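A.B. asks: Sequence:
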Amino acid sequence: MENMEPIKILSEAEIRAIYRQGEDAVVSLIQSMNQNLLLLAQRVQALEDRLAKDSHNSSKPPSSDGLNKPAPKSQRRRHGKKSGGQPGHPGTTLKVVSHPDRVEVHRVKQCKHCQVALEGVAVEAVEKRQVFDLPPIRIEVTEHQAEIKRCPDCGQLTRADFPEGVTQPTQYGPEIKAQMVYLNQYQMIPLERVSETLSEFYGQGVAEGTIVEACQEVADEVQAVNIAIKTHLTKQEVVVHFDETGTQVNGKLNWLHSASTQALTAYAVHAKRGQPAMDAVGILPNLHGRAMHDGWKSYFAYLCTHALCNGHHLRELAFLQERYPQAWEQGLVDLLLEIKQAVDNAKLSKASNLTSVQIEAFEDRYDALLQQGFQANPFLEPLEDHPKKRGRPKRSRPLNLLDRFREYKPAVLAFMYDFKVPFDNNQAERDIRMMKVKQKVSGCFRSTQGAEVFCQVRGYLSTARKNGQLVLYALRLAFAGKPYCPPFVSLPT
1 MENMEPIKIL SEAEIRAIYR QGEDAVVSLI QSMNQNLLLL AQRVQALEDR
51 LAKDSHNSSK PPSSDGLNKP APKSQRRRHG KKSGGQPGHP GTTLKVVSHP
101 DRVEVHRVKQ CKHCQVALEG VAVEAVEKRQ VFDLPPIRIE VTEHQAEIKR
151 CPDCGQLTRA DFPEGVTQPT QYGPEIKAQM VYLNQYQMIP LERVSETLSE
201 FYGQGVAEGT IVEACQEVAD EVQAVNIAIK THLTKQEVVV HFDETGTQVN
251 GKLNWLHSAS TQALTAYAVH AKRGQPAMDA VGILPNLHGR AMHDGWKSYF
301 AYLCTHALCN GHHLRELAFL QERYPQAWEQ GLVDLLLEIK QAVDNAKLSK
351 ASNLTSVQIE AFEDRYDALL QQGFQANPFL EPLEDHPKKR GRPKRSRPLN
401 LLDRFREYKP AVLAFMYDFK VPFDNNQAER DIRMMKVKQK VSGCFRSTQG
451 AEVFCQVRGY LSTARKNGQL VLYALRLAFA GKPYCPPFVS LPT
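Count the sequence shown with this note's numbering and you get residues 1 to 493, in order.
The hints are simulated quantities; they were obtained by calculation from the structure and are not laboratory data.
Where hints are given, some of them may not hold.
Under the rule of at most 30 Å between Cα atoms (straight-line distance), these lysine-lysine pairs were calculated in the DSSO-like manner [what the hints assert, rightly or not]: (1) 128 to 109; (2) 340 to 466; (3) 394 to 409.
Predicted model only: the values in this text are computed from it and were never measured.
Make a model of the complete structure from these sequences and hints.
C.D. replies: Take a look at the structure:
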């Protein structure tokens with residue numbers, strides 16, 4: 001924002017002195033005051049715009065809304081379905097089992113009406129009710145004893161082999177270590193509370209260092225799987241969703257980057273947000289498919305095809321409608337949602353694309369709305385008598401959005417041209433949201449190593465979960481040295 005000269009409040013005597021200097025002095029004073037008023041108005045506008053932004057009209061996450069969180073105003077149209085589980089949903093309702101683990105019979109001793117003894121009366125029927133609960137749980141300690149024998153021929157001692165993985169006089173087994181990692185990395189409970197939880201559950205407190213070592217062990221075991229996932233995202237997927245969010249690592253701002261699909265997730269942490277970080281992650285520089293993202297300028301440095309998130313566009317248009325209301329804004333919102341509905345209907349009818357007539361009509365309306373927007377927001381060249389400034393001249397917020405819609409039209413409407421491209425980047429936002437949950441639950445990372453372990457473990461567990469695997473089962477496989485890998489992903493040889 002342009003710097004403003006210090007404001008000086010003139011006294012009446014000073015004003016009269018300027019007046020006595022003549023017309024030119026008065027005009028110069030008023031021009032200076034007008035310039036300051038203009039700069040003040042711009043500053044007030046920018047600050048009010050900043051205060052007016054929240055998760056419903058900008059790319060700010062819901063976690064930033066604080067206690068004054070606005071009422072949700074979804075851009076989605078009502079689907080008309082009843083609330084609750086939909087047809088085909090497996091559900092989690094308790095069902096009676098035919099062979100319970102334990103049966104308790106409650107006998108009738110006397111009549112509740114006349115108090116006659118009924119111990120000797122035959123039972124006519126039994127009403128059954130089943131209670132599902134956990135038995136008391138305690139840690140089971142297995143002692144491994146390896147025999148040692150002396151050979152009668154050579155006199156040398158021979159010890160039997162311990163099972164694989166049994167290397168210390170005392171150690172934790174894979175099941176409880178899987179639960180440590182599950183609580184800390186998946187449920188994102190802080191180390192101290194993980195130790196407290198295990199103590200409450202099993203009567204066995206665990207040192208924080210032991211939990212850290214268990215997480216590191218999983219990260220090492222799943223590294224090859226994560227490399228394979230990154231390779232598959234880079235070379236095989238048609239559309240890959242990208243996003244990034246800030247996080248504190250050792251007290252400094254870092255960025256967690258994600259690349260994902262409905263079946264795969266890859267995370268990486270880096271000190272930078274832009275192109276140096278994306279180069280280091282290594283997916284975008286060699287991406288064969290289409291990159292779906294929110295329009296952050298660094299993404300466009302890569303030569304792959306792009307798709308822009310229209311969820312972001314709808315929120316930005318909502319902001320403009322609130323702060324800079326113009327007719328074209330609502331028209332563009334309606335058009336984007338109408339195209340989305342047309343694409344959804346075409347998919348339901350098993351069509352692979354919209355007709356050329358539909359596409360041409362939508363494009364014409366899109367171009368006409370942009371033209372209407374540019375007419376309502378003409379770009380004003382700086383006045384010749386004003387000093388030249390370095391860089392691109394400042395543009396209004398509506399004009400900035402219109403420029404983006406015009407320059408990246410194929411990326412904005414990619415979901416219309418290619419049915420494999422979704423309307424928005426919600427997949428990436430769902431995958432990145434857990435980082436914000438972690439910050440709320442357990443704070444930030446104490447070290448870069450801890451952040452990298454989180455990325456390795458969390459990416460692996462997210463991928464396993466997307467492919468229908470239970471998280472604890474996936475962790476058991478990792479501790480067994482056979483981490484889960486989706487069948488369509490090729491592990492490096």
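A.B. asks: Does the alpha-carbon distance linking residue 394 and residue 409 stay inside the 30 Å limit?
C.D. replies: At roughly 22 Å apart (the allowed maximum being 30 Å), residue 409 and residue 394 satisfy the hint.
A.B. asks: Just to be careful, I want the Cα atoms of residue 340 and residue 466 compared with a cutoff of 30 Å; is the pair within it?
C.D. replies: Holds: residue 340 and residue 466 sit about 25 Å apart, inside 30 Å.
A.B. asks: Can the restraint linking residue 128 and residue 109 be considered satisfied, given a maximum Cα separation of 30 Å?
C.D. replies: holds, 18 Å
This entry satisfies every hint, going by the numbered hints stated previously.
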